[in-house]
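S.K.: Chain by chain, the residues run as shown.
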Amino acid sequence: MSGWAYAAAALGCGLGACVRFALGWLDARKVFPWPTILANILGAALLGGVVAAGDDALLGPAGAFALGTGVAGGLSTFSSLAVDVVVLAKDGRLRAATGYVAATVVLGLAAAGAGYAAVSALA
Amino acid sequence: MSRAAQLGLVLVGGAVGGALRMAVAAAFPETAGMVPWDLVLINAVGSFALGWAVARTQARGPWRLFPAVGPGLLGGFTTFSSMAVLRWSAEAPAVEAVAILLATVAIAVAAAGAGWWAGDRPPTPMDERAVFVEENE
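Which chain is which? The protein sequence lines are A and B, in order. FYI, the numbering for the first sequence is 1 to 123, going by this note's numbering. FYI, the numbering for the second sequence is 1 to 137, going by this note's numbering.
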């Protein structure tokens, strides 16, 4: 892939990170990090769709790379997920920590499957 | 700092983090099987670094460039989506896909805990709400 494809994917990653960051503004209470769960759900659904689209004419290899590795990769995150669990656990909120991981894993996998199924049905 | 300035920092940090992720993935030796070892490593290292950075901020006060480093660079470097699509991208059976994801969560949480321990100098009581605010500030 060309250097431009990598540049587009890096920029897409930055844009995805901006969307993830902005999702946090929706949460005024800041008692449970649901915006991170939401960002990971959206990122998983987007990448599921990109994988289903494959390298077809619509996206092309560079487009799929920018949208999947770039935007979906930047929108989703693992570092906040891990730190959120540490913070909840340190605060003694073990149930919240368990629920957080369960929600991320279950909803994330479901979203990836839904994104894949939706684009497969369209294609 | 205005929200636009924060987004600018996140954009730059996120692009750098994404470029680093692609560079590590490209440099990683090809491995057989369905476990994406490059992403496991990336997520562990990024989680350690974020744990360190957040604990340090808690202990020593806020850090103007945090949006570029935390949500931007480390958020863009690490990724969840690729770990969630293994059933379709690597044709992993459902049980394996869930096991790989849960194992990665366990590794990343352990790394973040270690990073927290390393960055929490001097040891400081944690303010949970402040941490969740910091993720977006």
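Derived by calculation from the structure, the hints in this document are not laboratory data. One or more hints might be untrue.
As the list claims (entries may be wrong) - Each computed SDA-like pair below joins lysine to any residue, with the alpha-carbon atoms no more than 25 Å apart:
#1 A:K30 <-> A:K90
#2 A:K30 <-> B:A59
#3 A:K90 <-> B:G33
#4 A:K90 <-> B:G119
#5 A:K90 <-> B:V45
#6 A:K90 <-> B:A25
S.K.: Does each hint fit the structure? Answer for all of them.
M.R.: Now the hints, each set against the structure:
no.: 1; hint: A:K30 <-> A:K90; verdict: holds, 16 Å
no.: 2; hint: A:K30 <-> B:A59; verdict: holds, 20 Å
no.: 3; hint: A:K90 <-> B:G33; verdict: violated, 35 Å
no.: 4; hint: A:K90 <-> B:G119; verdict: holds, 15 Å
no.: 5; hint: A:K90 <-> B:V45; verdict: holds, 20 Å
no.: 6; hint: A:K90 <-> B:A25; verdict: violated, 32 Å
Hint violations for this structure: numbers 3, 6, all remaining hints satisfied.
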